[in-house]
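Asker: Spelled out, the chains give:
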Amino acid sequence: MSDSTWTKPMPHEAQFGDYVELLKPRVMRLVIFTAAVGLLVAPVGVHPIIALATILCIAVGAGASGALNMWWDADIDEVMTRTAKRPIPSGRVMPGEALAIGLALSGLSVMMLALFGNLLAAGLLAFTIFFYAVVYSMWLKRATPQNIVIGGAAGAFPPMIGWAVATGGIGIESVLMFALIFIWTPPHFWALALFRNDDYTRASVPMLPVTHGEVTTRRHIFAYSLLLAPIALAPAFTQIGGPVYFALAFVMNVIFVLGAYRLLNRTEDDAQASNYRAEKRYFGYSILYLFLHFVALLVEAALRGFGLNWADWPVLF
Amino acid sequence: MSTFRPTHEMHKRRASRNIGLGLVLAAFVVLAFSVTIVKMSQKQSDDPRALNFDPTAPSAEASQ
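These protein sequences, in sequence, are chains D and G. Using our numbering, the letters of the first sequence map in sequence onto residues 1 to 317. Using our numbering, the letters of the second sequence map in sequence onto residues 1001 to 1064.
A couple of the hints might just be wrong.
Unchecked claim - Pairs of lysine to aspartate or glutamate, EDC-like flavour, derived with a Cα cap of 20 Å:
no.	chain 1	residue 1	chain 2	residue 2
1	D	LYS280	D	ASP199
2	G	LYS1012	D	GLU13
3	G	LYS1012	D	ASP18
It is worth saying that the hints were derived from the structure and are not from the lab.
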């Protein structure tokens, strides 16, 4: 081998961090958190090592579906400012590598979750990966403005999987945690789509503001915030809820609905004049909203752990 | 002497990948081993359909 082969720049040599980025670590953080809450609030105790191992499997599975999404969407990621620096469009990772990593980690995470946890949890994880990579990324995302309404299910499964690891089943509690994220996703993403409209237009992704305009999007955000409120309050009246959760959820939902109402009354000119400040704040608040709901569920579980039971609290479901 | 040539940037990236992957594999071994120990020291099930069914478990013998 001549010396020149060593000094020639090699274009597609990824470093470890590039592979990590392929797994969407920021999305993974939310998945780890919600899955952990689903597992911890369940009425059945799980050994800490098993809990750690299974949550890791769920996180890797979610990351794998992220890698598959980046492989499939590399062409639109390239033209959107928000995503142009992702590993594939920036040329740090080859598309084939992303596909291989995505497929390998999907298989491995489902298999290990079946061994570490149980078959129901593994089946739910497999369905989540399929739903995000195939149903959302390949099919819905470029086909309909309802893309994130249905695609939101993929992000809603983790607490249900955590619950399935602990209990081996599905309960009203895990269904309500699913519903909370599922109904929260559309207003959350539509708020983002309002101030990232140019990006989505350029990539011709049919987000609601692109296809139906801002007014319709604002109406949809408001309608979903109203629909979300009773769903977010319902877990308070299950065995995982209590007055702490109820009080927090009540306040958070009042703010969420009022915020949506403010967005509803803003015109496109108002928004542009303030550089979409209210929309950006609403998007930021929506993340805090979801996070605090799950924190409240953890607090209730911790209080139960300390032997504090709300004897008179109505458990309706 | 080629031995003293500074390392090419590509080698650094390659090294980061190798070390990273090595650590991930080591962590995976530790995890699989720990879970095995936990699962084997847990109470075995007396339900014949369960994965951790143990026919010698006291309650399983009693039901036979």
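Asker: All hints, please: hold or fail.
Answerer: Verification of the hints:
Only pairs whose Cα atoms come within 20 Å are accepted, and LYS280 of chain D paired with ASP199 of chain D is accepted, the gap being roughly 15 Å. At most 20 Å may separate the alpha-carbon atoms for a hinted pair to count; LYS1012 of chain G and GLU13 of chain D meet this at roughly 10 Å. Distance hint between LYS1012 of chain G and ASP18 of chain D is fulfilled; the C-alpha atoms sit about 13 Å from each other, no more than 20 Å.
Taken one by one, the earlier hints all hold for this structure without exception.
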